[in-house]
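Trainee: For chain A, the structure is supplied; the task is to place chain B on it using the hints.
There are 2 protein chains.
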Amino acid sequence: ASMDSGDELRAKFMEFPHVSAPHRDLMVELLSSVETRLGSSLQPCTLPPDVQYFGNPSGSASASLQLRPGLPSSQIDLILGGWIHCKLPSGGALNITSLSAYLKPSTDAPHFLLDLIQSSPTSLVLILDLTPRKDLILHPDHLKTYYEDTQLDRHRQRLHTLPEVRPYFSPSLYVRALLSPTAILVTIDVGASETTNIEEIIRDHVGPVAKELLQFWIESCACPERHVEESERAYLAERDRIIKNTTIEVDLGSSFPRLFGQDVADRVLTVLKEHYNK
Amino acid sequence: ASMDSGDELRAKFMEFPHVSAPHRDLMVELLSSVETRLGSSLQPCTLPPDVQYFGNPSGSASASLQLRPGLPSSQIDLILGGWIHCKLPSGGALNITSLSAYLKPSTDAPHFLLDLIQSSPTSLVLILDLTPRKDLILHPDHLKTYYEDTQLDRHRQRLHTLPEVRPYFSPSLYVRALLSPTAILVTIDVGASETTNIEEIIRDHVGPVAKELLQFWIESCACPERHVEESERAYLAERDRIIKNTTIEVDLGSSFPRLFGQDVADRVLTVLKEHYNK
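These protein sequence lines map, in sequence, to chains A and B.
Numbered per the numbering used here, the first sequence spans residues 1 to 278.
Numbered per the numbering used here, the second sequence spans residues 279 to 556.
No wet-lab data here; the hints were simulated from the structure.
In this text, a Cβ means the ideal position worked out from N, Cα and C, and glycines have one as well.
Some hints here could point you the wrong way.
To be verified - Partial chain A-side listing against chain B, Cβ under 8 Å, derived:
#	residue
1	L136
2	P140
3	L143
4	R176
5	R239
Next up, chain A with everything else stripped away, as it sits in the complex:
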């Protein structure tokens, strides 16, 4: 069998080889939920092998991406999972794992976004949100349906009861503007604590919240059919186009050249943009 067959690349992706066991278990469990519940609505990963797995010339950084477009009949636009690993000059490593899920303009339900960014053994940045599809001021019904009536803020409040959790402010004002009013945007720092470690917090607190939010997104956002008028579809399509392209630029465009060199970054970002704008 070829070293770059789809199955082998998917297996390599699912290994999450550089993160702790609870972190890997969480990502595998989230991806398995997507697979079980939504797999029949998704195409296999359509990325070329050298975008599914790649590294930098010196071998200090590696990454794996899996992008599965929704079937034409499905409400799912695409689901992107990924991990990035990079050895730091300090001797430590930067590890990022992420899962984003975009819906089509045939529904106005929120997208899903998860990023776990670990740049030291004792701290973690968590970004977890159902990102709004509409301006929540001009569309108060959108705020009510998905964020207020669902009491979505309780998940954020629950994490904030932990003494290790502090609010995190993204340096990107675009990212702050993108997120919902119930977005979980936190730094988890155990410092020199000998009684708590990040792995336990992922297992006992981050994991349950992430699983519950993904479950809610699958059952209440991705699956139910919504009636969306033609003019509204055009609005959603345009707003989503901006979201997808700006998110790539802000998120990956700013870090990939530094992590992987300009050539690899250009190759990967070009392919991702093509898939995002299909």
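Mentor: Just chain B, lined up with the frame of chain A:
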């Protein structure tokens, strides 16, 4: 002279009789800046006397409001200043002072919002923002012009260097959605500190930031003329209509009946809504 002449009611408003000297000095200075720079574009206060100053039947709560509409030729829609004082059963008092300034749809520059909420001698909630007029995702130029190119986030960052300052999360998801990505939304708590008090923090930190932001709003938002297309004016007018009405409902509608009784609350809110929708 009648006890309820406009001048006397304005003087009573400007007294801010229940807050500390630095808090009062700050409010008077902010209102004087508005007066000096924008006074010639504003009508006198148009509220009836019993809405300019009122209390609850038992006398434990009192408030003063001043609303000045912009002249027809001006870009200013209205400016509302206010203070609210309420004795608490615990023996302390709740004191709120605020300044909001709304622009007309002839410009798309941000509105101005300031709330200082003090419910104990040792803590203060500060809400200070230039609230966006447009969906920042669909209008990235709005984000760039007013928030990124102006480095507006530096004011928030500056306050967050103080150990007494923590992020504040409004219980209202609408308020969170209304605010810009650079909004200052903080709790300032000096606790049992013997070296710092709230008055010093207002004088040395909150004051300079509030004055700088108001100055920026006056010079770069309220005054410069912008070219706004007809279709965009309709968009701004509708969004502003929602903002003004929802802000009254969420902010005053939820607290006024409790503080002043239903009769007084109804009278004041009805008049304010009329003026907001003229």
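Trainee: Decide, hint by hint, whether the structure agrees.
Mentor: Structure-based check of each hint:
1. The closest approach between the C-beta of L136 (chain A) and any C-beta of chain B is roughly 4 Å, which is under the 8 Å cut-off, so the hint is satisfied.
2. Evaluation of the P140 (chain A) hint against chain B yields a held restraint, the C-beta minimum of about 7 Å falling below 8 Å.
3. The beta carbon of L143 (chain A) is positioned within 8 Å of a beta carbon in chain B (closest approach about 6 Å), and the interface hint is therefore held.
4. The restraint placing R176 (chain A) at the interface with chain B holds, with a minimum CB-CB distance near 4 Å, inside the 8 Å limit.
5. Checking R239 (chain A) against chain B: minimum C-beta separation of about 5 Å stays under 8 Å; hint holds.
Violated hints for the displayed structure: none, as all numbered hints are satisfied.
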